[in-house]
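**Student:** Listed here are the chains, written in short residue letters.
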Amino acid sequence: MPGSLLDALWLVPALPLAGFVLNGALALTRPGAKRAVSLIGVGVLLLAFAAAAGAVVAFARLPGGEPVVQRYWEWLPVGDLQVHFALQLDRLSAVMILVVTGVGALIHLFSVGYMHDDPGYARYFAYLNLFVFFMLMLVLGASFPVMFVGWEGVGLCSYLLIGFWFNEQINADAGKKAFIVNRIGDVGFLVAMFLLFRATGSLDFGDVFSRAAGTFPPGGALITAITLFLFLGCTGKSAQIPLYTWLPDAMQGPTPVSALIHAATMVTAGVYLVARCGVLFALAPVASAVVAGVGALTALFAATIALKQWDIKRVLAYSTISQLGYMFLGVGTGAHAAGIFHLATHSFFKALLFLGAGSVIHAMHHAYHATHAHDDAQDMRNMGGLRHQLPWTASLMWIATLAISGLPPLAGFFSKDEILSAAFAQGAVRPIWYAFWAMGIAAALLTAFYMTRLMLYTFHGANRTGEGARAHLHEAPWVMTGPLVALGGLTLAGGALNVSPLFGGGTWLHRWLEPVTAAADRLQPAVELSRATEWALVLGAVAVAALGIVGALRLLKPEALVPARLAPPETGLGRVLWKKWYVDELYDAVLVRPVMWLSREVLWKVVDARLVDGLLVNGSAVASRALGWVGSRLQTGEVGFYVVLFVIGVLAVLGAAVR
Amino acid sequence: MLLGPALLVSAVLFALGVAGVLLRRNAIVIFMCVELMLNAVNLTFVALAQRLGVAGQVFVFFVMAVAAAEAAVGLAIILAIYRHRQTLNLQNINLLKG
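Chains as they are written, first to last, in the numbering used here: chain R, 10 to 668; chain L, 2 to 99.
Each hint should be verified, as a subset may be incorrect.
Said to hold, decoys possible - Lysine to any residue pairs mimicking SDA-like chemistry, simulated, CA-CA at most 25 Å apart:
no.	chain 1	residue 1	chain 2	residue 2
1	L	98	R	390
2	L	98	R	652
3	L	98	R	634
4	L	98	R	566
5	L	98	R	653
6	R	566	R	295
To be verified - Short derived list, chain L residues pointing at chain R, Cβ under 8 Å:
no.	residue
7	22
8	23
9	27
10	78
11	97
By construction, these hints were calculated from the structure, which means they are not laboratory data.
We put the CB at the ideal spot given by N, CA and C, even for glycine.
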């Protein structure tokens, strides 16, 4: 019964929501009930994955691949604006819900081990379930407002989970930073929605996209503004220049959170949005160029920063920013399938890398905890040689490293290669794309280099953890290594989703997404490359990746490293990269401090203290006292005076009545 | 009895009462002027009762009853004030003021 499985589409987001309610109740009443919390938290995700898989299978059997829209109730009936609470399953959201629930379930399972000793266990799973609910709303929403609910909701959960250990100031600050920076992007999303509604009279995806070609002249100012505002939203949520600064700080949250929210799912929401609105972006070549350009620039820029970070999670955070840049390069080029393909494969290998890092941090933390040491459990200078203690983690992370570097036949090779080929092909039409392609290739070189550096420093060379602590290092329990193995399998095989004809593949994902991307593809036709050029590009990309890896192996000397507390300070360019190009300091000086100054010196001390408190609050008190004083002068205490007034009053009333 | 002269007399009496209240200082004189105004109104009632029916005459009795009660209370208050302040000049009795 394919129909009934599609009718149960609401179950996909409803199950994690139920998990949130139950776990939230447990967190408030019985925070110690860990077994029940794990069962609910992981169970709802597995069930949601099953429901999603069932719905997708049923959907795939329908002919034509038209979107299935399920309307549940009238949500915002305001004048001309009629927004239904409706979910939409099409081929794009099908990919997304499988990734979200599938990778999400694995990360939930990993969390059972990682968070096991945390006092906030139930609260953690409640938030994590809530996040999955909002993420599913984001990708299943059938209109911009429903999507926006998910969009804001994931931002909220991200804030809650980054600041999960909120009793440390730095974590709470990181949560606030993520929330506020995202707000800037969300304004762009909102403005884009308003403009779209004014122009097309609807906010449903189906209506907007079918009317778009007739409403907006290609390359017009309005559509360019709309798409640029949408992209502003994407730069916030997906951590692109200039709003990427929150993502590295988001690493203050628990590591599985970084894997799920800040690598595999939430940050890809912007890529999803651009792919979803492919028709609109295809109508605005300038905006597409901005998307691709910002993507390429971010890919390169973040990769340079990752070269010099010592915190294992920060390397991965900048790597995520860089890979998201690739995705935007893909969708901005009009290669939506390639962008979504990289989104899916990236979610596999980046989740694997983050969970592997989590496994390492888990081991380091336990070792330092057992020896009462206060060294940094996330600093790679304190690691080294961990492949002996964590063999599973080491080998699985090597797989992911080779995948993200783009070596065949791993998942990342196919997706990254497809994006770079599409960008190069676009160069024949618009030459600026050659520059984007070159930036992408350069970023690929750096990616291979910094990932190999991470692996070398973490797992190879001599161990720098410390004599006492070394004995306590051990592999994580199966509940943590199991998800790693599953993600390793996906990383190995994920490339099979979309093997290009060059290697005898059938570009399955490309054809699967065709009904979604067809309208955009007609407006912005893909440029075909000759076989020889494609081979040259592929071999060049692989050579660059190999060069990065070999270069790192030859240039870096893990033996020369010393533990973090003994390490000399960085100098020269290394210091600039370690300090992240001083972008945070720049934003602090140019934006944060002026805003703080304005708030304190003008808004608080002048507007609030003088204007509001002084003029409006105290002023009205003074005014009423003055009026009262004037009135009190009338009460002289002399009866004769009252009588005079009284008679005058009576005469006035009578005079008015007579006239 | 002619209506016009009767109303004229009552108007004059009423105006005298108002003028007395406004101009005099002694509480008892003011009190008497109030009575004068009441009686001016009574005269109007009676005069108009000839033309408009007996209700006016009935009303006069009500006014008289109220005036008697008022006189009792008013004189008592005046007496109390005098015992307290040894004066009935209203210009000196002005403690209640803003």
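**Student:** Work down the list of hints and note, for each, if the structure agrees.
**Tutor:** Status of the hints after comparison with the structure:
1. 98(L) x 390(R): violated, 86 Å
2. 98(L) x 652(R): With a Cα-Cα distance of about 15 Å, the restraint between residue 98(L) and residue 652(R) holds, given a limit of 25 Å.
3. 98(L) x 634(R): This hinted pair holds, its Cα atoms lying about 17 Å apart.
4. 98(L) x 566(R): violated, 96 Å
5. 98(L) x 653(R): Roughly 16 Å separates the two Cα atoms, so the pair holds.
6. 566(R) x 295(R): violated, 45 Å
7. 22: holds, 6 Å
8. 23: Given a least distance of 6 Å, the restraint on residue 23(L) holds.
9. 27: violated, 11 Å
10. 78: The hint is violated - residue 78(L) has no Cβ within 8 Å of chain R, the shortest such distance being about 12 Å.
11. 97: This interface hint holds because 5 Å falls under the 8 Å limit.
Consistency note: the structure conflicts with the earlier hints numbered 1, 4, 6, 9, 10.
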